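Chains P and B supply the protein sequences, listed in that same order.
Each residue of the first sequence is one higher than the last, beginning at 1 in my numbering.
Each residue of the second sequence is one higher than the last, beginning at 1 in my numbering.
Think of the hints as simulated: they come from the structure by calculation, not from any bench.
Treat the numbers as computed from the prediction; the structure is a model and nothing was measured.
Glycine residues also receive a C-beta, built at the ideal position from the N, C-alpha and C atoms.
Check the hints yourself; a few may be wrong.
SDA-like mimics (lysine to any residue), calculated; alpha carbons at most 25 Å apart, straight line [claimed, not checked]:
(1) LYS69/B x ALA67/P
(2) LYS58/B x LEU19/B
(3) LYS68/P x THR20/P
(4) LYS61/B x GLY29/B
(5) LYS71/B x GLN97/P
(6) LYS58/B x GLY29/B
(7) LYS58/B x THR20/P
(8) LYS49/B x ALA67/P
(9) LYS49/B x GLN80/P
(10) LYS24/P x ALA67/P
(11) LYS24/P x VAL100/B
(12) LYS49/B x LYS68/P
(13) LYS61/B x THR20/P
(14) LYS71/B x GLU88/B
(15) LYS49/B x THR20/P
(16) LYS71/B x GLU102/P
(17) LYS68/P x THR30/B
(18) LYS68/P x GLN80/P
(19) LYS49/B x GLY59/B
(20) LYS49/B x GLY42/P
(21) LYS61/B x ALA2/P
Chain P is faced by these chain B residues, among others (derived, beta-carbon under 10 Å) [claimed, not checked]:
(22) SER18
(23) TYR39
(24) GLN45
(25) LYS58
(26) PHE90
(27) GLN97
(28) PHE101
(29) GLY102
(30) GLY104
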Amino acid sequence: DAGVIQSPRHEVTEMGQEVTLRCKPISGHNSLFWYRQTMMRGLELLIYFNNNVPIDDSGMPEDRFSAKMPNASFSTLKIQPSEPRDSAVYFCASRGQGAPGEQYFGPGTRLTVT
Amino acid sequence: AQSVSQHNHHVILSEAASLELGCNYSYGGTVNLFWYVQYPGQHLQLLLKYFSGDPLVKGIKGFEAEFIKSKFSFNLRKPSVQWSDTAEYFCAVNYGQNFVFGPGTRLSVLP
């Protein structure tokens, strides 16, 4: 299995631009998580989906952030408009039904907003 | 809200020293417990996990952790660390649909 796939791996954009991060979970997994990691705040859960349905989005910082999961094999995290304080590494993780709690992380997207 | 705490923010050890990283959680019901490791510039990887049974769990690379239910703890140990163990270590707790990570402990091992 290829594991969790994220794209792009690195993104540099200017303030005000729209940014879309993509994630493909492990095939057969039914839960998907988006995290943000910074030096200042550590690892933060932004949102998670169960069977493509958003269950908890209380970690989404503000309305500029949105996430979708149109099907079991694809999810996006969008920031519009982006700001310098959004610079971070964004991780996607997935979890299968048969392995309660164990999450598998993707390689992350390093976002830099100038 | 349920929480996970890790005792130390940054631990510095010399090679061959013994390691113990503390982890405590606040949920009183049935939990699944995990330790993840994040090497510099990489993503989080599962180190070990506890679901049930023997409270002493052995993981990869010589790590082990002990679940002490009465203390709500799941401390990570390694008898002799190596320079390659330099990383950040995260404790995590799963209960029901919830999954909570601790703030992480950075381990620096000096050669």
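How the hints compare with the structure:
{"no.": "1", "hint": "LYS69/B x ALA67/P", "in the structure": "violated, 37 Å"}
{"no.": "2", "hint": "LYS58/B x LEU19/B", "in the structure": "holds, 14 Å"}
{"no.": "3", "hint": "LYS68/P x THR20/P", "in the structure": "holds, 11 Å"}
{"no.": "4", "hint": "LYS61/B x GLY29/B", "in the structure": "violated, 30 Å"}
{"no.": "5", "hint": "LYS71/B x GLN97/P", "in the structure": "violated, 29 Å"}
{"no.": "6", "hint": "LYS58/B x GLY29/B", "in the structure": "holds, 23 Å"}
{"no.": "7", "hint": "LYS58/B x THR20/P", "in the structure": "violated, 39 Å"}
{"no.": "8", "hint": "LYS49/B x ALA67/P", "in the structure": "violated, 29 Å"}
{"no.": "9", "hint": "LYS49/B x GLN80/P", "in the structure": "violated, 38 Å"}
{"no.": "10", "hint": "LYS24/P x ALA67/P", "in the structure": "holds, 13 Å"}
{"no.": "11", "hint": "LYS24/P x VAL100/B", "in the structure": "holds, 22 Å"}
{"no.": "12", "hint": "LYS49/B x LYS68/P", "in the structure": "violated, 30 Å"}
{"no.": "13", "hint": "LYS61/B x THR20/P", "in the structure": "violated, 37 Å"}
{"no.": "14", "hint": "LYS71/B x GLU88/B", "in the structure": "holds, 24 Å"}
{"no.": "15", "hint": "LYS49/B x THR20/P", "in the structure": "violated, 33 Å"}
{"no.": "16", "hint": "LYS71/B x GLU102/P", "in the structure": "holds, 23 Å"}
{"no.": "17", "hint": "LYS68/P x THR30/B", "in the structure": "violated, 31 Å"}
{"no.": "18", "hint": "LYS68/P x GLN80/P", "in the structure": "holds, 14 Å"}
{"no.": "19", "hint": "LYS49/B x GLY59/B", "in the structure": "holds, 8 Å"}
{"no.": "20", "hint": "LYS49/B x GLY42/P", "in the structure": "holds, 21 Å"}
{"no.": "21", "hint": "LYS61/B x ALA2/P", "in the structure": "holds, 23 Å"}
{"no.": "22", "hint": "SER18", "in the structure": "violated, 26 Å"}
{"no.": "23", "hint": "TYR39", "in the structure": "violated, 12 Å"}
{"no.": "24", "hint": "GLN45", "in the structure": "holds, 7 Å"}
{"no.": "25", "hint": "LYS58", "in the structure": "violated, 16 Å"}
{"no.": "26", "hint": "PHE90", "in the structure": "holds, 7 Å"}
{"no.": "27", "hint": "GLN97", "in the structure": "holds, 7 Å"}
{"no.": "28", "hint": "PHE101", "in the structure": "holds, 5 Å"}
{"no.": "29", "hint": "GLY102", "in the structure": "holds, 9 Å"}
{"no.": "30", "hint": "GLY104", "in the structure": "holds, 6 Å"}
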